[in-house]
Every structure is written in C-alpha cells, then in structure tokens.
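Asker: What follows is each chain in one-letter form.
Protein chains: 2
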Amino acid sequence: MLTGVCTRVAIHISSAADYFRQTIAATGHAYHRWCSVILDSYLNKYPLSAKMIDVEKVLAPLRADVQAQGDIVRRLKSEKANDVEIKRAVAELKAKKKLLEEKELELTKKDHKIDRAKLEDLLKQRFVYDQSFSIYGGVQGLYDYGPTGCAIKANLLAAWRQFFVLEEQLLEVDCSMLTPECVLKASGHLERFTDYMVRDVITGECFRADHLIESALEAIRISKHISEAERSEIDKTLSQLEGYGADALEELIARYSIKSPITKNDLTPPQKFNLMFSTSIGPTGQCQGFLRPETAQGIFVNFQRLLQFNQGRLPFGAAQIGSAFRNEISPRSGVIRVREFTMAEIEYFVDPKDKSHPKFAQYADLKLPLFSACDQMDGKSAQEISLKDAIERGIIANETLGYFMARIFLFLYMVGVKPDRCRFRQHMKNEMAHYARDCWDAECLTTYGWIECVGCADRSCYDLTQHQEATGVRLVAVKPLPEPVTVHDVKCVLNKAKIGRTYRGEAAQILNSFEKLSHDENLKIKESLTKSGKYTLSVNGSQFEITTDMVTIREEDVRVHVEEVVPSVIEPSFGIGRIMYAILEQNFHTRENDEQRTFLSLPPIIAPYKCSVLPLSSHPDFVPFVRNLSKHLTRVGISHRVDESGGSIGRRYARTDQIAIPYGITVDFDTVNRKPPSASLRERDTMKQIRVPIEDLPDLVSDLTNGIVTWSEALAHYPLFEQQETSR
Amino acid sequence: MLTGVCTRVAIHISSAADYFRQTIAATGHAYHRWCSVILDSYLNKYPLSAKMIDVEKVLAPLRADVQAQGDIVRRLKSEKANDVEIKRAVAELKAKKKLLEEKELELTKKDHKIDRAKLEDLLKQRFVYDQSFSIYGGVQGLYDYGPTGCAIKANLLAAWRQFFVLEEQLLEVDCSMLTPECVLKASGHLERFTDYMVRDVITGECFRADHLIESALEAIRISKHISEAERSEIDKTLSQLEGYGADALEELIARYSIKSPITKNDLTPPQKFNLMFSTSIGPTGQCQGFLRPETAQGIFVNFQRLLQFNQGRLPFGAAQIGSAFRNEISPRSGVIRVREFTMAEIEYFVDPKDKSHPKFAQYADLKLPLFSACDQMDGKSAQEISLKDAIERGIIANETLGYFMARIFLFLYMVGVKPDRCRFRQHMKNEMAHYARDCWDAECLTTYGWIECVGCADRSCYDLTQHQEATGVRLVAVKPLPEPVTVHDVKCVLNKAKIGRTYRGEAAQILNSFEKLSHDENLKIKESLTKSGKYTLSVNGSQFEITTDMVTIREEDVRVHVEEVVPSVIEPSFGIGRIMYAILEQNFHTRENDEQRTFLSLPPIIAPYKCSVLPLSSHPDFVPFVRNLSKHLTRVGISHRVDESGGSIGRRYARTDQIAIPYGITVDFDTVNRKPPSASLRERDTMKQIRVPIEDLPDLVSDLTNGIVTWSEALAHYPLFEQQETSR
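So the sequences go chain by chain: A and B.
Mapped onto our numbering, the consecutive letters of the first sequence carry residue numbers 1 to 728.
Mapped onto our numbering, the consecutive letters of the second sequence carry residue numbers 729 to 1456.
Hints may contain errors.
[Said to hold, decoys possible] Below, simulated DSBU-like cross-link-like pairs (lysine-lysine); rule was C-alpha separation at most 30 angstroms, straight line:
#	chain 1	residue 1	chain 2	residue 2
1	B	K1252	B	K1081
2	A	K367	B	K1262
3	B	K852	A	K124
4	A	K185	B	K852
5	A	K524	A	K498
6	B	K1081	A	K631
7	A	K496	A	K526
8	B	K1087	A	K631
9	A	K353	B	K1359
10	A	K479	B	K1252
11	A	K526	A	K516
12	A	K516	B	K1095
13	A	K418	A	K388
14	B	K1081	A	K418
15	A	K224	A	K236
16	B	K1262	B	K1244
17	B	K964	A	K631
18	B	K1146	A	K631
19	A	K355	A	K380
20	B	K1262	A	K631
21	A	K355	B	K1359
22	A	K359	B	K1262
23	B	K1359	A	K388
24	B	K913	A	K124
25	A	K631	B	K1244
26	A	K498	A	K479
If you are wondering where the hints come from, they were derived from the structure by calculation, not from laboratory data.
Note that the structure is a prediction, hence the values are computed from the model and not measured.
All chains should be built: construct the whole structure from the sequences, respecting the hints.
Answerer: Now the structure itself:
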C-alpha cells in the first residue's frame, strides 16, 4: 500500500520530512499491528486450557451432588411445587455450588500460586499504587496511582479507546460526575443502591451486615462444637445471605449472638445505607446531588442528542470513560473494592426486535469459556463453546451480546489477562435485575478468587423508559416499517374556550396534558364520553371532569410508514482498577533461581515505560550517549526511563523488571570505545541480551514493543551479548 | 535511521508484518513530527502580531494617563507616604488601567469579530458540549461533552501528555478526588477558598456579592443622572472590588441601595461561602471530606514517594490530569466558569537556591508576549521580549519559570491558540498569594475578554511546608553540600524514667515530641534550662514543665556532607475547558460568501475526527467502497466518520466542516465505474478537492493529518477535482 502516494509524494517533500516518516514508522498506532499479532495468536494458536484430569477426579462427586440437586430444583419447578419447598431446594443447591467452587479454587490455585504479600510489597515499593493521604493517616478505600500505575492505566485506557471507540465507531461522551437527585431517583439508585449496615452500640463503628455475619458464621462453621445439622444450616444461610432483608439479618445476629468483632459489644439492628456520596449543588442547599455511582446514566440522559448525532439511526453505541463513586461501608480487598474508581462503559442501543450484529460472523467460531447458569446448576465448570453454538443453543441471548463478549475477551487477552484464568459467568435468574434479559460477568481468577472485571448485560429498554417516565421527554428512535400500515387514529379535538371558561387558571395544564395522551388513553376517553358523557382526567394528582362539550372525538384511518421504538441497551461495563489488578497478579513472577527477585511480565502495549536507558556506572563519558538515546527514543514516541543512580547494573535491572519495563539499553565502555558505537539490549522475561549499534536502537525498540519484530527474530539477527570487551 | 535494523530484520519476518509496517507508517506518534513542523513554523516564520498603528493613536492618551498615575504610586511608595494616600493612588491607577484595557479590547475585537451566538448554536447543534441533565431541566455550571467535544478533549490531553509528560520525563500520578478535611485545612482551602454571597431575603436566591455589586454599579455608572465625581468614585470602587471584605461589601449594598436583581427584594448581609463541595466519607458521618478544588494537593501529599521514585534527586516534576470541583455561587459565562472541570497540573520541584533549568538555552531567544506588572502600571500593552532578556532584566523571576512559560506558549500554539490573541500577564504584587515569588497567567483573547487559561507560578516552598507542619512528616530532599561543613549540634538526652514517673500516661507524647524538635528549638531549651532550670513544653495544646533532671543537653561538632532542603515548586496549571473554549472561538469562521455556513478550523492534531467518508448518494454500489475505506482508515489509526445519511453532499460537507473534520473523502460514480477506482479528497479550509486513487487515500490522509505532506504538496501532485465524469 505504501507503494501508492507516500513514495511518490515524497519526491516533492523535504528530506527532513522523509527522515521523520522513516524514524517514526510503526510507533503509536502500531497499536493496531500489535492487536493483530495478539489476536491472530489467540485465534489461531492459543492452547486452550488443558483439562486437568486429576483435578476433575476430585471434583467429580461434588459436581454430581450439585447436578442431582439442580435436577431436584428443576423437577419441583416443573411440578409447580409450593414456594417454601422450592426455596429450600434452591438454598441447598447454592450451598452445594459453593462447596464445589471452593474446592475447585483450592485445586487450581496451586497452578498459579502467587504470594500476594510479595506482590503488594512490590506495588508499594515501586509506587504502582498506594493508599491516598497516608501522610495524614490514610483514608480506607482510596488509592493514588504513582507514575508506574498511572502509565499502565493510561495505556490500558488508550488501548480500550482504540479497541472499542475507534473500531466500533462508538460515540464517546464525557459527562458530569455531580448528578442531581431526580436523575438517580429515576434510575433506581436512590432506592436500591444500598447495603445493610450495623453499628457497634458503644463505639459507633460501622460494619456491612452481610460481611460481618458471613465471617461470624464461617468461624462458627469450622468450630468443633457444632453438629452436622447445624453446620448444614449455616451452609444454607451463607449461600442465601445476599438476598436477606433487614429482619432476616437481625434474626441471624440474634440467633448466633453475633457481636462487634473487636470490642465484642452489641450491634444495632441492620439499617439500609445508601452507597452514594451525597453533596449539595449550588449555595442554597436546595439542590441535593450525588457523585455518580456509574457512568451509564450520563449516556442515557443524552440519548436524544446522541441519536441525532447518529442521524436518527439504530443501532449505535455510546461510550464513556470516567470516575464513579461508592461509599463502601467498610472497604477491603485492596483495589478490588474501593470508594472511587474508573469505569469504561458502553451502551449499545439496538432495535428491541432485532439484536443481530453485522460483524457477528467475524467471531462466530471463536470459542469462549462460558459458565452458563445451567452449568452452574449442574455442577459443571466453564465450557469452551463457540459463539455460534452458544447463540443457536440459546445459552447467550442474542448476537449483539455475544459479539461484545467476544470483543471483551479478546481485549482482556490483549492487555495481559490469561485466557485460562478468565471466564464468563452467567447470572442466575435470581441474581439478575428484573428488567435484564441476560447478563454475563467476565471474571478473572486472582488470589481473591474469581473477581468480576467486566459485566455484559442486555438491560432491555429499562433505563430509557425510566428517564422517559420521569421527564415526559420521549426517548425513542423512529424506525421505518417494512411496509406501510393503516392505523385507526383516535384524537380529542378540544374546545379550548369552554375548557378555559370552566377551569380558568388550571386550563393550561389540562390542555397540555391532552397533548401527551397515547392512542390507548384517547380510546378510553372516547369510550367514557360515549357511555356516560363525561371523563375524569387526572393531572398532577388533581381530578378534572371533562364533558362532551369540551371535547369532540375525531377518528380517521392514517397511513403510517414508521414506528417509534424505545431501544434496548446492551451494556459492556469495565472496572478498570479490577482489570489492572487481575493483570498485575496474573503477570507477577519470581525468578526461578531467586525467590526475592520479583518481576511483572506485562505486555508492552500496557507496560508503563517501553524501555530503560542505563549507563553502566556514573562515569561521565556515558552521559552524552544516554542523553542522545533518550532524545531519539522520545522522538520515536517510546516512553522510557533513564536510571543514572549509582546502584549496580544488576540492581537497576531488577528495579526496571519490577516496574515491567520490557527492554533495557545499557551504555558501557564498549559504547564509548568502539566504532560504530553500540549498546546492549536486554529483554525482561528471558533476561537475554544482544549487542546493537546505537543508531538502530530506537527503531528496534519501537518495532519490538509494537510486535513488528519478535525478540527471537532480534536474537537471530544481532550477536548475543555476554560482557563488554573494553573498559575505561 | 531506518536503514539500520528495520529493513534488515524485515528479511526475516513475514510479508504480512512487512505490509503492516508500511501501512501504519507515520500514524499515531507522528504527533512528534506534527509538533516539530508546528514549532519550527512558529520559531522561524510566524509573523508576530503587527503593531496596529491606528489603534495605538487612540490608546496613546489613555496609556499616558496610566503611566502618570503609575509614577505617582511609585513616588508615594518611595517617599513612604501614608497608607491611605497610597491606597487612594493605587485605586486611581486600577481604574485608569481598566479604562485602557476596555478601550484596547474594544478596538482589537474588531479584528477578530466573532458572533458568539452563532458559535454557541454550532456547539449545541453538533453536540460539542451542552448543559448536563437538560431533560431534567439542567444544572447550572455542569456540562457534558458530546462525541465531538470529547474527542477534541481527549486529543488535547493526549497532546499535553506527549508534550509535557513524555518530553519532560514528568512523573504522572492519578490521585483521589475525595479529600479529607485535614488535607485542605493544611493547604489553606478550608479557610480561604471562599467567595462572599448575599441572599434575596424573600426568595432565598443566592448571588455572588462582588458580581452583583459590579453589575449594579456598572448600570449606575452609565446612567445620565450622576455627576462626574460620582462616576469616578464608582470607577475606583469597581477596580478595588476584588479585595473587599464583608463589611465593605455590605456598606456598598447599603450606599447604592442594591437589591435582588429580578424581585427587587432586599438582600442579606454578605456571608463567606466556601466553594468546595463537601461530603461525608464512610458511613459514620465522622470523616468530613471534600471534592478536591485542584489536583495539585494529590502531588504534594505524595511528595516523598515521588522523590523516592526519582532516586532522591532534585529537580523533578510530577504531573496530574484530572477533575476538580468548585461550587460556584452563580455560574455564568458558559464553560469558562463551571462547577466541575478538567485540569492538567505540573508541580516541578527545584532546589530553592538553584532555579536554573538545563534546557533553558533551547528557548533563550524565543520571544514571548509578556504583559509585566511594571508595564501594566505604565499603561503599556504586552511586549514581545526574548526569554533571555526577560530573565536578565528580572522581569521573569527565574529560568525554570521562564522555561515552562515557553513550553506553555508553544503548546497553546500547537493546539490552535493564535499567538496574537495570547499573552502572559504577570500578577501584580497585590494579586499574588503572600508566599508566591512570581506568577504569570497565559491569557487568551475571547469574546469574554482576556481569559486566564494557564497559570504559571513560583509557589516557593509553601505547600510542602504546610503539609509538613500539619503531619510532622518531613517533606524534604537531601542535597550534597559543595564542601562538607562542621555544624555545632545541640541535642536533648532524655531521662525517660524520670519523665515517665512524672507524667505517666502523658509521657509517651512528651518523649515523642522531643524527637521532632529542630536545632533551634533544642537551643531554646538549652538556654531556658541554663537560665531558670526549667522549660515549658507545649504538646498538642497542653503545657508540661521540663526540669534539668529530666533532660541533659549534649553538644558536639558534627561533620556534615549533605543538607536538607524543602524544595520550591514551579507550578504550571492548565484549565483544559478554558483552553478548549479559546481554541473553539479563535478557530470559528463563517464562509466568505455565506454568513450562515460556519466552520471550525481546528488543527488536525486536535480535530475530533481526521477524515469523513461520504458516499455521493445512497446508491448501493457505493457501499462496499465506503466500508472498505473505513476499514483501511481504522487500520492506519485514522479516526473518521462515515455519513451515509440522505442529505445532499454539500449539506454533509457543511456538517463535517462544523465539527472541524479537516479532510473528506467522497465516493462517487467515477469511483465505481473507472479503473483504478479513485475518490475525491476535500480539504476543509480551502474547500478544494483533488482526485486520488482509493488505494492511496488512507496513507495520504494519515500523512496530511500528521503534517508529513502539506495540502499544497498534495494539490501539486494530484489532479484538481471539479466534477465526476460518469454517472450511474
């Protein structure tokens, strides 16, 4: 393709421009090249997780247990048994699933054994992230990203933007975090975005009720003094805890005499606690606001503008990267559960009657690790199923949902999540919001267990409908009918003078209200007027009697070419901090021969710096080479770190390995003494080094980090480096 | 440089990789190429604002007035005249400066006449940005960025990151927005981040007192019924308003009988109103928190970690891009004064005794439009002065400050600010915070007047000192002394047993407090014990008597090789929304022949999409070409918009011009009928079109948007396009 314009136009332009075009080749958007390399490697070659036969032997009886119980639940449901009986069977099922999951985790964890304390030590030492405001004692659930973490995060978001916004042509928006109460009332957050909280009656310390009860029951469960029946009772309770209300939680606290964990004081009864941070917008104190608990609402309230931007057409997707806030009662698990976090959300608006996706065919044969609701019930583990099969068998609800699951999986893979430690878990019917059609969580396996990193849900038309009802603004798309249809139209023609005389000051709102009536409401008025000569109209809670002299009914057949639909929403929602944490854990290693030397093998696309530049020592002769390399690396857009500190070269390598820098250039006495000057280039994971002319280095590092040249190709091309031949 | 590894290694790698390397040439980080082109063009060629001779004639008497008054102020100060007299002269000076500034604006505005209503219409219509939550009635001072605005903002931030973080090797961090009260108490925000507010006594509506008085006085000032003396009195008041306290404001409201503007009701006395949004962190209600009013504090509280990351060395810079919040009393001026906004801040930590900058020489000869405090006093306008001169003549306080001013100016120029509508205004002594050494605002000229877009201040060691005092954590850097020195060291050796016996439960905090004493404090204790045998120690507000049996003074000479310094901070602070607004205004035009056709001539580096792809009509034959072009543009990383909507091609061009898309590809019947297929390529500002083989287009657009090929080069190379030769 380059043979086209570029070379020819180049004749006309300066040699400087030509020089630049060459030196910057392949940087930056070489992202796309990187993507292709990575995705091809996954699609064609990735060895999908080998079945672990020994593990399966251990798990088989547990799986059978779950399956048997699943069958019982299904039978009871099909026999329409009474509710109490079904509930009991479901509780039993959940308890058995929990046992299976725990065993499974215990066995698989051995393969990916990570010393979390060591990782946390690295993250703190190298300021990847750390607790916020710690010189003031710190605040729980708030974290600051240091230079390393911030660069990883920025790279992750840039990759996301390329992979989703650019490639899917999404409409990205950037909306306010401060949100007035009315919006969050309509979205349901004001009422339902809550956890139950209990307080220590003496100290006032707060605890999340379900977490507190969970730890207490788990402690009781392993005690020797309880009977098998009691233990089984506790298992049942534990598996159901998520759905418990205030009364049920209070009853548990009383039954098991649960106290405040440190003081052993009594606890208050559980109270609902809304997890949104509230504030007051403006000086009057009259505009109650909250910090948004998710970025999605900003997209929904802008639906009309976005639809217009898309020239009124469905389907289209909008996206937003931004912060969201949850005032967790007692945050724990590091950055997994925090009070302020970055999300990246997509709201893809589709015709509710046609959820096919034009690019679905591209991934139809891609196999994803799916842990369906049904398999969860049957005690199976995640299955690798091709998207096509999953849609045909009704496991995944529709093509658009499936398409985005494929994209999510490939994105996670590209940025460093290991496919054999990633799965899609389907929400069980009882976990899903009432309006959701289908919902899958992309979960990553960490030392905290399987953690939800991306949610992907078909939210039907719930959100738009809610905002439409709250504001009276129509949030619909107009779509052409396949064929025009004839519709029988019923309208009220108003005698405005009569209404005005009758209701005076209130007439305006009555007239206004007539304009918004739907076809069905007009029909109702017609019937009522025909039958009784009057109709009672409700406007803002007041009742008005409408009589035949105020309204004439006009009916006609109308030819209609379009229909209005409230779009369905498919929502992939990414928790950026959680994805980062999963990547850090899954790429954390110690050197084989030295347990103390830890390192992070992040893929170059998200590595915080692509390269380090290290003078062998503080000898002044090295300085100009280091400066010059730094300048040229900057010019080709390679973010890098110069480490001129005094430490031994080995120590400095170790330090760069810890912050995941994939390549390191060392300037030594051979660089200074030999012609042409060369330096050594070291790769992080293999620790092998090659000797490369200085002039080649910026482009080589650029090509390596962009996946254009592989390390083994570079190894084959340049001499291996063992040690320098000259000295000062 | 490419002649090195790339071509040679290419032999070993697949032809697919080779293909990719070529197609992705010059995209993405071609940013750097773009920068160079732009900066070279500025440094070598930009015609600096021609002196407007006619304008100067009008302004001359006003300038003379200001200068004469400036001389009076200087004389009074040198004569140490009494305070009242000096204050009166300064007020007179301010009033005269205001007159001059207003006249100057009035005259220069003619050159850059912009119909703001038309621009606002475009911004709304094309959803660049718009008021947040408008389907709910909207919230003042909150804005959502639509796809266009969001992309411009993202491009602006990416350019900032490249220009500052990468090129200056800054340590970028990403800190919490939620901030506990103690941090903002230390920073001074709790006490001083306030405005005065008055309320309508009946409706409770709130107004910012100074703004309200300002509008009221301006209305009185232009009324015919007041005397020249009264008018001059009002002018004086207006120029001083910024510094007025509650009493003075109340007195003005009474004297001029100022009422609530709409209801004409009385107003309450002015009250201080803190502009921070407050919230409660955690469930207990005991941790008072605020949304940060600036991003800087996050860097200061992480100073130690960052210094360690930089291996303990000065100077180094940290940076943060993020949101900040101000609860404005009554926001106005569109996105200029909002409640939630994005900032990009740099805190550059330097040795307080050495504020030179290693890269200063690079810009020593660069001329900047400087509006110094002195010139403001003399009634002059901004002068173009080289950085070297400005430092030598003491106009700019130090090299590091000057270096960053140069970088700020070039950045603004690169992203589309017009150099002749940009200036650096120095803070007058009375505007500057007491701790600041020097402070310059980069101001851009808009229809709102000169607005502050970037601040650049030498904040001395204020911030670190404040946090050090509040926390007791030492926020210092250690620097080697040029030569070791001998220091006389005084220490308290404690009799812990005695202190313990005497003060029991309180002994621990006393011992602890001794450890933190400075050299001077130890000296004081020594003197007091020697003189009176006792010393009164204050710990957390309590007093303890320390006697000679509790403490022995040990003195010795110590050889010291290093010293601790609290670094000074140079702070460039960018208001991203304001910069965006200035760029939008300064690049807003109407077509010469058609006042209704408006467009935005943003530089490609920040244009929201680089290219549009338009089929001439909805004819199905065009579809595969459009799809294929879109795919190839994505592959080379060119963000683009496909517009397949029905409108005429002219209307669709107009639409893409309005969202600043620099290039447009049109697929027509010649594309379909001729071999090889070609399409037309149109440039936004000139509206000229050329005919280009489809195969060449992705690379050509990439080269054009990255500044590798100029439009006139492309015009010279490809045939001009007038109209297609074939039809369906």
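Asker: Decide, hint by hint, whether the structure agrees.
Answerer: Results for each hint:
1. A threshold of 30 angstroms between alpha carbons decides the hint, and for K1252 of chain B with K1081 of chain B the separation of about 28 angstroms falls inside it, so the pair holds.
2. For a cut-off of 30 angstroms, the pair hint linking K367 of chain A to K1262 of chain B is broken: about 82 angstroms separates their Cα positions.
3. Between K852 of chain B and K124 of chain A the CA atoms are separated by roughly 46 angstroms; this puts the pair beyond 30 angstroms, and the hint is violated.
4. With a CA separation close to 27 angstroms, the supplied pair K185 of chain A and K852 of chain B stays within the 30 angstroms bound.
5. Between K524 of chain A and K498 of chain A the alpha-carbon distance is near 21 angstroms, which keeps this suggested pair within the 30 angstroms criterion.
6. Of the pairs offered as hints, the one joining K1081 of chain B and K631 of chain A holds, with about 28 angstroms between alpha carbons and a cut-off of 30 angstroms not exceeded.
7. Taking the CA atoms of K496 of chain A and K526 of chain A, the gap is near 18 angstroms; set against the 30 angstroms cutoff, the hint holds.
8. With a CA separation close to 12 angstroms, the supplied pair K1087 of chain B and K631 of chain A stays within the 30 angstroms bound.
9. Of the supplied pair hints, the one linking K353 of chain A and K1359 of chain B holds, its CA atoms being roughly 28 angstroms apart against a limit of 30 angstroms.
10. A threshold of 30 angstroms between alpha carbons decides the hint, and for K479 of chain A with K1252 of chain B the separation of about 85 angstroms lies outside it, so the pair is violated.
11. Taking the CA atoms of K526 of chain A and K516 of chain A, the gap is near 16 angstroms; set against the 30 angstroms cutoff, the hint holds.
12. Our distance criterion of 30 angstroms between C-alpha atoms is broken by K516 of chain A and K1095 of chain B, whose separation comes to about 64 angstroms.
13. With a CA separation close to 23 angstroms, the supplied pair K418 of chain A and K388 of chain A stays within the 30 angstroms bound.
14. Between K1081 of chain B and K418 of chain A, the direct Cα distance comes to roughly 51 angstroms. Violation of the 30 angstroms bound is thereby established for this hinted pair.
15. Between K224 of chain A and K236 of chain A, the direct Cα distance comes to roughly 18 angstroms. Compliance with the 30 angstroms bound is thereby established for this hinted pair.
16. A distance of roughly 19 angstroms separates the Cα atoms of K1262 of chain B and K1244 of chain B; the hinted pair therefore holds under the 30 angstroms criterion.
17. Simply put, K964 of chain B and K631 of chain A have alpha-carbon atoms about 54 angstroms apart, too far for the 30 angstroms limit, and the pair is violated.
18. Among the hinted pairs, K1146 of chain B with K631 of chain A is consistent with the structure: their alpha-carbon atoms are about 29 angstroms apart, no more than 30 angstroms.
19. Taken as a hint, the K355 of chain A and K380 of chain A pair is honoured in the structure, with Cα atoms around 29 angstroms apart against an allowance of 30 angstroms.
20. Among the hinted pairs, K1262 of chain B with K631 of chain A is inconsistent with the structure: their alpha-carbon atoms are about 62 angstroms apart, more than 30 angstroms.
21. For the given pair, K355 of chain A sits about 23 angstroms from K1359 of chain B by alpha-carbon distance, which is consistent with the 30 angstroms threshold.
22. At roughly 85 angstroms between alpha-carbon atoms, K359 of chain A and K1262 of chain B are farther apart than 30 angstroms, so this suggested pair is violated.
23. Annotation: proposed proximity of K1359 of chain B to K388 of chain A holds, straight-line Cα distance about 24 angstroms (limit 30 angstroms).
24. Of the pairs offered as hints, the one joining K913 of chain B and K124 of chain A holds, with about 27 angstroms between alpha carbons and a cut-off of 30 angstroms not exceeded.
25. Simply put, K631 of chain A and K1244 of chain B have alpha-carbon atoms about 44 angstroms apart, too far for the 30 angstroms limit, and the pair is violated.
26. For the proposed pair K498 of chain A and K479 of chain A, the alpha carbon gap of about 39 angstroms is over 30 angstroms, so the pair is violated.
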